[in-house]
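**Student:** Here is what each chain is made of, one letter per residue.
2 protein chains.
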Amino acid sequence: MELATPCLLVDETKLKENIRRMAELSQKTRTALRPHVKTHKTAEIAHMQMAAGAVGITVAKVSEAEVMAAAGIGDIFVAYPLVTEEKIERALDLCERNCIVFALDSVEGARMLSQATIRRGKRVEARLEIDTGMRRTGVPPAQAARLAQAIRDLAGIDLRGIFTFRGAMIDGKGTLDRRTAGLDEGRTMAGLAEQLRAGGTDIVEVSVGSTPTAESAATVTGVTEVRPGTYVFNDRMQVAYGACSIDDCALSVLVTVVSTPSSGRIVVDGGSKTFSTDAVPGSPPLCLRGHGEVLGSPDLLLDRLSEEHGVIELAKDASPAKKPRIGDRLRIIPNHVCTTVNLHSRLWLVDALGKPTRELSIAARGMVT
Amino acid sequence: MELATPCLLVDETKLKENIRRMAELSQKTRTALRPHVKTHKTAEIAHMQMAAGAVGITVAKVSEAEVMAAAGIGDIFVAYPLVTEEKIERALDLCERNCIVFALDSVEGARMLSQATIRRGKRVEARLEIDTGMRRTGVPPAQAARLAQAIRDLAGIDLRGIFTFRGAMIDGKGTLDRRTAGLDEGRTMAGLAEQLRAGGTDIVEVSVGSTPTAESAATVTGVTEVRPGTYVFNDRMQVAYGACSIDDCALSVLVTVVSTPSSGRIVVDGGSKTFSTDAVPGSPPLCLRGHGEVLGSPDLLLDRLSEEHGVIELAKDASPAKKPRIGDRLRIIPNHVCTTVNLHSRLWLVDALGKPTRELSIAARGMVT
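Sequence order for the protein chains is A and B. Residues in the first sequence are numbered consecutively from 133, following my numbering. Residues in the second sequence are numbered consecutively from 133, following my numbering.
Next comes chain A alone, as it looks inside the complex (with noise of 0.2 angstroms):
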């Protein structure tokens, strides 16, 4: 079967391979694995992810809870603050069924929260959102402490935890290793969780680590979970932070050559609304050069995209018997993954041979709120 493109492709092997990886880091450090599907955002992926000894899952959205809830993970962390009624409402439905914890980083939220637990009759287990230097939500770790007092005065929720996404190597100018940002990741959220425990409240969880910090952030005394997402599939941006090899990255976009009109140009059927657009923070080699490279010619990259196309660059001294030809259709692997995935609405499974086995539906896709 010849699969219209573009389309994604993933590995079957590949992707088994990097979540039995993660799962056997897990295991030797004593961490518990609690996956962020914002990757792969398809519920097959994250039972194989529990099949391998995940205790649950992480998403950032309700709706993203809620497909995955009904496609049976009952064990979700909502790690990102619910600061409106209507998806406060809608994560405690969830909690009819499910264990959901919360996630909380200002006092606002954690009242709105509090209140509707109130009203149902119900406690709710939440952790608090730190900030170790991404800048975005999360308390900084000076003012964790008064933060959770007050969250403690509150009925309803049981404040059982911290959690960080410290990010890949970001220091300012992105020259940090990523073990050195695992281990600085650990240390300070391991050592806050003592203050905090110090200071009467009961901080059982300390989940920390991307997928390129959870290696090292996993072997830090106090951690008790990682929380990686993209390890499943890698991309060009893992590659370049060290986390993974080329060959371990087990998706690809399937494109078509539908144009070579000079004699250096190629143009393939995806453009930006096939490829993730996403720039790469930091100095080189983060800043990667092109949207994607082709598989097994890392010579070829994606230089430009417009919507529907992608142009395809040829160094002048290239062999002209090497230079795809109109109809050919290569596998391009993506600069971030994450965001790539999210434009689409199915991926297929393949094997070895790039021959697609089963086709999965990419059911979190669009679930926005």
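Careful: at least some of the hints might be erroneous.
[Unchecked claim] List of simulated lysine to any residue pairs, SDA-like, C-alpha gap at most 20 angstroms:
1. K455(A) to K487(B)
2. K254(B) to I289(B)
3. K146(B) to E198(B)
4. K148(A) to H179(A)
5. K146(A) to A183(A)
6. K454(B) to L433(B)
7. K455(B) to R267(A)
8. K487(A) to L141(A)
9. K487(B) to E218(A)
10. K487(B) to T501(A)
11. K454(A) to E240(B)
12. K448(A) to R267(B)
13. K146(B) to W480(B)
14. K160(B) to V187(B)
15. K254(A) to G206(A)
16. K448(B) to R267(A)
17. K448(B) to W480(B)
18. K455(A) to V239(B)
19. K448(B) to G396(B)
20. K148(A) to K487(A)
21. K487(A) to E218(B)
22. K455(A) to D435(A)
23. K487(B) to D460(B)
24. K454(A) to R397(A)
25. K454(B) to G428(B)
26. K454(B) to D435(B)
27. K455(B) to K146(A)
28. K487(B) to D380(B)
29. K146(A) to G428(A)
30. K455(A) to H179(B)
31. K254(A) to N230(A)
32. K487(A) to G459(A)
33. K455(B) to G428(B)
34. K487(B) to E176(B)
35. K487(A) to T501(B)
36. K487(A) to V239(A)
Because the hints were derived from the structure by calculation, they are not lab data.
Given chain A's structure and the hints, the job is docking chain B onto it.
**Tutor:** Using the frame of chain A, we list chain B on its own:
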């Protein structure tokens, strides 16, 4: 009713005015209007464009044509080279009940189309794509005559037109103004059509024009059709091009402030899975600052995006009274509306006060093949 955020809001009055204004241009210049539906991917909005006088629509993908044809839009130009049997067969299936116009930019593609039409005992209408500076698909003007001749020698294809997408104002430095770009585009194409006619190819349709260039390109004698897309909604990129004002932007993304973790930072619940991260090519002012701006507060920019977080940094001298608070809802005008819409499955038509009146399905979203 409170809408769950993030979500797309379309001011129906502005939408209709944008549609009316472009239709009026088409009438005044006696140029056919065949809008590209890539921007909205929404059947109801295509019908509004048809009702205002469009002769048909333009799409980039056969799957988009399938959605629009099923919704009752019967005259569709697939402005993209189809070079695989599977796609050509699907497009020919659509020809049974609709008027489908094909795009060609290679002998290989033309031969494949010809063979498929012979098998079906059909004739189809086609247009030749010309590269007038975008350096993606399309043959350079100097090679058009030879390709036109080759196509005339093939059975089953009526080569009746030429088309181009010139893009906005890119002249390698990003300095060409949109009026000059449009005139240049129109004249190049009208001149080429004359030349092809002199060579014996009966070119009837000369199709040009994007949102920024349509206005001037439509005035060029010999141009018969314009195909703008973005004008229905407009965006910050079109404002930067001078093609509209910020008040003409019909689409905004409604977001909720979820966190204000430090005095100068506001985090909203939309990131790179909600807003497009497309960079605008060229020099300033085309390199837009930020990923979007808050409607009514042009000094509030979406400074940084991660997947589900949008970060707004406040100016140091910003008045605390004007600082958005947790739970506040903001409407953000995106940089590039086409790729932003592509991230969502539905949009809301709203009245002038922002009150939702009707939910529309973005039915052709995800139609990547």
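**Student:** Honestly, which of those hints from before does the structure not fit?
**Tutor:** Hint check: 1, 3, 17, 27, 30, 36 fail, others pass.
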